[in-house]
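With the hints as a guide, dock the two chains, each given alone in a separate frame, to form the complex.
If you read the sequences in order, they're chains E and H.
Its first residue numbered 1, the first sequence is counted upward by one per residue in full-length UniProt numbering.
Its first residue numbered 1, the second sequence is counted upward by one per residue in full-length UniProt numbering.
Hints are computed from structural coordinates only; laboratory data are not their basis.
Note that the structure is predicted; figures quoted are calculated from it, not measured.
For every residue, glycine included, the Cβ atom is placed at its ideal position computed from N, Cα and C.
This list has only true hints and no planted wrong ones.
Not the full set, but computed from the structure, chain E residues with beta-carbon under 8 Å of chain H:
no.	residue
1	G26
2	F28
3	T32
4	M34
5	P35
6	L36
7	N191
8	L194
9	R195
10	V198
11	T199
12	V201
13	G298
14	L300
15	Q309
16	G313
Label-pair restraints from in silico Cβ distances:
no.	chain 1	residue 1	chain 2	residue 2	range
17	H	D98	E	D283	28 to 34 Å
18	H	S206	E	G122	27 to 33 Å
19	E	L8	H	G162	38 to 44 Å
20	E	L8	H	S206	53 to 59 Å
21	E	G122	H	D204	25 to 31 Å
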Amino acid sequence: MAGATAKLNSYRTGPDERGHFGSFGGRFVAETLMPLILELEAAYTEAKADPAFHAELADLHTHYVGRPSPMYYAERLTEHLREKAGGKGGAKIYFKRDELNHTGSHKINNCLGQILLAKRMGKTRIIAETGAGQHGVASATVCARFGFPCEVYMGATDVERQAPNVFRMKLLGAEVHPVTAGHGTLKDAMNEALRDWVTNVESTYYLIGTAAGPHPYPAMVRDFQSIIGTEARAQILEMEGRLPDAIVACVGGGSNAIGLFHPFLDDETVAIYGVEAGGHGLDVYNGHAASLTGGRPGVLHGNRTYLLQDADGQILEGHSISAGLDYPGIGPEHSWLKDSGRVTYVPATDREALEAFQLLTRTEGIIPALEPAHALAHVARLAPTMDRDQIIVMNLCGRGDKDVFTVGKLLGFDL
Amino acid sequence: MTPSTSRDPHPAARPATRIDVRLAAVAAEGRPALVTFITAGDPDYDTSLAILNGLPAAGADVIELGMPFSDPMAEGPPIQASTLRALNAGQTMLRTLDMVRAFRAHDAATPIVLMGYYNPIYIYGVDRFLADAKAAGVDGLIVVDLPPEEDEELCIPALAAGVNFIRLATPTTDDKRLPAVLANTSGFVYYVSILGITGTASADASRVGDAVARIKRHTDLPVMVGFGVKTREHARSMGAEADGVVVGSALVNAVRDSLDAEGRATAATVGAVTALVADLAVGVREAHVAA
Ligand SMILES: Cc1ncc(COP(=O)(O)O)c(C=O)c1O
Numbered sequence: 001m002a003g004a005t006a007k008l009n010s011y012r013t014g015p016d017e018r019g020h021f022g023s024f025g026g027r028f029v030a031e032t033l034m035p036l037i038l039e040l041e042a043a044y045t046e047a048k049a050d051p052a053f054h055a056e057l058a059d060l061h062t063h064y065v066g067r068p069s070p071m072y073y074a075e076r077l078t079e080h081l082r083e084k085a086g087g088k089g090g091a092k093i094y095f096k097r098d099e100l101n102h103t104g105s106h107k108i109n110n111c112l113g114q115i116l117l118a119k120r121m122g123k124t125r126i127i128a129e130t131g132a133g134q135h136g137v138a139s140a141t142v143c144a145r146f147g148f149p150c151e152v153y154m155g156a157t158d159v160e161r162q163a164p165n166v167f168r169m170k171l172l173g174a175e176v177h178p179v180t181a182g183h184g185t186l187k188d189a190m191n192e193a194l195r196d197w198v199t200n201v202e203s204t205y206y207l208i209g210t211a212a213g214p215h216p217y218p219a220m221v222r223d224f225q226s227i228i229g230t231e232a233r234a235q236i237l238e239m240e241g242r243l244p245d246a247i248v249a250c251v252g253g254g255s256n257a258i259g260l261f262h263p264f265l266d267d268e269t270v271a272i273y274g275v276e277a278g279g280h281g282l283d284v285y286n287g288h289a290a291s292l293t294g295g296r297p298g299v300l301h302g303n304r305t306y307l308l309q310d311a312d313g314q315i316l317e318g319h320s321i322s323a324g325l326d327y328p329g330i331g332p333e334h335s336w337l338k339d340s341g342r343v344t345y346v347p348a349t350d351r352e353a354l355e356a357f358q359l360l361t362r363t364e365g366i367i368p369a370l371e372p373a374h375a376l377a378h379v380a381r382l383a384p385t386m387d388r389d390q391i392i393v394m395n396l397c398g399r400g401d402k403d404v405f406t407v408g409k410l411l412g413f414d415l
Numbered sequence: 001m002t003p004s005t006s007r008d009p010h011p012a013a014r015p016a017t018r019i020d021v022r023l024a025a026v027a028a029e030g031r032p033a034l035v036t037f038i039t040a041g042d043p044d045y046d047t048s049l050a051i052l053n054g055l056p057a058a059g060a061d062v063i064e065l066g067m068p069f070s071d072p073m074a075e076g077p078p079i080q081a082s083t084l085r086a087l088n089a090g091q092t093m094l095r096t097l098d099m100v101r102a103f104r105a106h107d108a109a110t111p112i113v114l115m116g117y118y119n120p121i122y123i124y125g126v127d128r129f130l131a132d133a134k135a136a137g138v139d140g141l142i143v144v145d146l147p148p149e150e151d152e153e154l155c156i157p158a159l160a161a162g163v164n165f166i167r168l169a170t171p172t173t174d175d176k177r178l179p180a181v182l183a184n185t186s187g188f189v190y191y192v193s194i195l196g197i198t199g200t201a202s203a204d205a206s207r208v209g210d211a212v213a214r215i216k217r218h219t220d221l222p223v224m225v226g227f228g229v230k231t232r233e234h235a236r237s238m239g240a241e242a243d244g245v246v247v248g249s250a251l252v253n254a255v256r257d258s259l260d261a262e263g264r265a266t267a268a269t270v271g272a273v274t275a276l277v278a279d280l281a282v283g284v285r286e287a288h289v290a291a
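Same shape as in the complex, but just chain H (with noise of 0.2 Å):
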């Protein structure tokens, strides 16, 4: 068990990381990021891999991995499928830090943000995994079920690690809370733009303009939008209110529609993903123009 403290005691001292590093680097080009949720063995290892190596191309600034989890609780339909059928291709935590590995082999500077649930962690042993995960190449987490109510199990260990821990914010998340959340949080804030799942409907812009000012009266960190943005008009709109979207259920649809009957990757995949990146890179180049 590790040591109770509820707070991270250096934040001060915690060097740069790859993703302090990029997203400076996007913020001063005057652009919202663009952040591409895929899961990891989506829809077998080998595309998945491809598509990983083929989003920075793209023109993903930051890349969140999904670790697949049998019982998604916070996702949609979309995500839901797409983690079904990474199971089912066989993807393992093991196989999920070997994709790392691998797109680390060749890039050295895009951030990789490691996306799931507790469980798959907590199984592999939180001590195994930070060590394992941060050797592989990983520069971030966000664990959906691990509130601050629950730092001691991971939040606290990753940042010793120097690996960031990304919180998530909602619209129930109100000014009182927010300092207890924004309190170890590091590399940037996730905010989720609606009350729901992923995968399901889009909020409107000028709110989520509000709620992004709102949380940056706590914290100096960027913040994300996320949750419902779908197209290029998405990232334009809503990355003009943040400093940056993050698009996950979109292009796992786009993994799925390029399937053939049997539910396995064809020729069309790949391409069918990055071109969707490619367009909502144009987005988020745009809201420059907008903002």
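For reference, chain E alone in the conformation it holds in the complex (with noise of 0.2 Å):
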């Protein structure tokens, strides 16, 4: 096992030049791609060394998205939780605010580097795939703003579940194709932005939502959401004067978990928690979207991964409550931080996420999107078992607005 072998002197030096972290990640895609490929990586092999290219992203991150994000203690959720606890236990919790980013979620991070990416390489079209659509809003918005064409691909499936999402695409200019092969949910929507890419590699460049994918995407998504943890890490040292004892995220395919992660990989006295999707429960086949806690390696959208498959290595549809977290695979990084033992990952069921959505919204006022209170689901185990003086920071990556239909149907509300 790879987590018995020496202890690295740094768990933040990869991928290696061919896209891998340890046996993950890597480049399998059609011939079609290959050259796109390299080309996209020379591309922000350049952007990354060129600071006009940071200037404009930093300029934008304060004047469009609103960076840097809040870094806020939930002051009565921590005592709710210590209360629970019998009084004797009960860490504090901070937030990362990445709701409050323009768009409402982490996505816009993301999608601001790949637009500016996109107008170096002369692309004049750009397609991405969404799951609970915060990407689709996020990439329609930095398609808006820099007068890119923006087609989204959508499982038929999450179009109805998250119609909210859906106009604000469509008010935003982009087109959004339904997707029904499939069970219509992220990895349908994926494959057919693939068949899309492969169709018109010429002009158009594919803005992937998430940590995952060929290489470069896998490493390019995690620099660009890494502003996250630079950000809370910078933050807790001026509010708390120390590193947190506990950071907690939310892994659908891992982009804004792996934005936090990143820069607190080498604290040693930091320990991670990634919260994968438990859905119906671990024991329960196809019932969950866990890839890495219920799955094995597998080959999947152009890297080696975590996938959640059958005995004759069929990828299955898996099942969350939340939309963005209902994907079969999960970003390279994650699959080797996991081996590696750096990162524990746990499942948080639906129902502990609807639980936790419902504790944030009355004892902080913030509605959280179903994502990341899966990561408070797990919050609130964990609080209660750490002592009084120490410290969790959770990223608060989405904000709840588009779940509030859903949740409410499970609530019985007629909305």
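Here you go:
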């Protein structure tokens, strides 16, 4: 097992030049796309070394997105969980508030970086896949801002359960293609986006929404999302004078999580938790979307990573209450962080997420997205086991406006 | 893990395979080859095996047998649907290999190339897969999502096992990249004549001729042209520009059109496919005259 090997000097040096994080990652794509992926890698390497690229991105972060996002001490939630712990334990809970970003989630961080890259590369058309619709909205937003036509692939099931976001994308001028293949969720949308890309390689930039796909996407999306962890680290040092004891984020494809985690990976005293969608429970076949804790390594969508699949290597659809976590894969760096033992991955069920959603709404007046509600479900388990002077930072990566209809239905409200 | 060599260490030493022998024989006839694709297990195992068994007599020179995968990223609606029919009928990797074995029991000459995506092979286990495929009588592999950058995964072990690894070259594979794509390719080169997925557009033959000529400047291997070859007329015009044509979506559509309202095979299913193959076989023979 990789976890048993000697401790690494740094967990922050991957991937290698072929896009491998240990045995994960890589470039498993059709030949038509391969030249494009090499071109993208070259363009990104060049942009990364260009101060003007970073300056433009930083300016947009400040004036368009509203960064840095606040670090917020959730005092009432902390006290609530302390009471539940019988007044003994109960860590202090902080939220990194990326739900306050323009467009309502962390997805905009990645979209701005990639749209600037698409512009540098002279591309004239943007395509994207989306699950919850947050990445679709963020993509449509940056396309409106930079004057690109935008087409978004979205599973037909998700189109239905995330209707407000579909309307937002349309308002922003994007074309939304419902995908009926498979079960009409995120993986099917990604297949369809890849099919569009091989058909329109020359004009089109594929704006992937999470830290997955073929190299260089996992590393590039991580870099664009790492602003979350970089800010969080500086903010908590300033507010508390020390590093947190634990950091927590939900993992769908893994972009908000790797964005928070990456700047902390070499801080040995910081425990790191990634929370997967446990759906109906890990013991229910095809009833969850927990690739890391309930799947095994395979190859899909351009990389080797943990996948939900059957004994014959056919990919399962999975299930989650949250459209943004309903993906049978996971970014390859997370697979490596799991096997290396640096990050602990745990599931939270639909029911736990729904409870956490309501808890946060009532104690702090913040309606979270269902995705970070999974992270919160684990925080609610974790905090009472920790001391009062310990600190947890959780990435509150999205706001819940998009989910109120789904939640209302589940709670029996007629909206 | 396989040791990382990025080149087939003994390319010249490999003995001729069934693919090499068959394509040389077809070339000696002075006509392009007809390569036919069907999905293993579509619409069910028995019907699919009957189709497979009927292909050589109908005029197929080489058979590509699709290994169904839940997420066929490079396929258009016809092969997506065909894959789903096969999976819904219970097709697995073991049953696909069984089909090849059953075919080989009475046909020792027609080459079979398994075509698909890497994950089902990876999960079956690369070494076990190569051993079982070779023993069943498989001659070559086409794995869509294994570009030369990932040659250590399957390509190098396949060559060592005496199985041809056939690579796709596409309109985006420029002269700079072609040598890398061809380096470990054997059997033949599959030229994807359009930018896009299977079962959609067709290229025009003159462009295909230029592309094939470009590839031939880099290799002595036969070049087969696929994507968008649907009719006898395509087989003739595209065939005249290459060493052979690959037909897939049109054949799986023939399966689809022959099914009953519940999606089950009918008495017409096998004949629908073999009749189309026979028609295409006339096309490649007309290309001989046209060329
Ligand atoms: C608010 C929110 N959080 C999390 C996710 C999951 O994606 P990732 O794991 O890449 O952060 C999504 C995806 O749509 C999302 O909208």
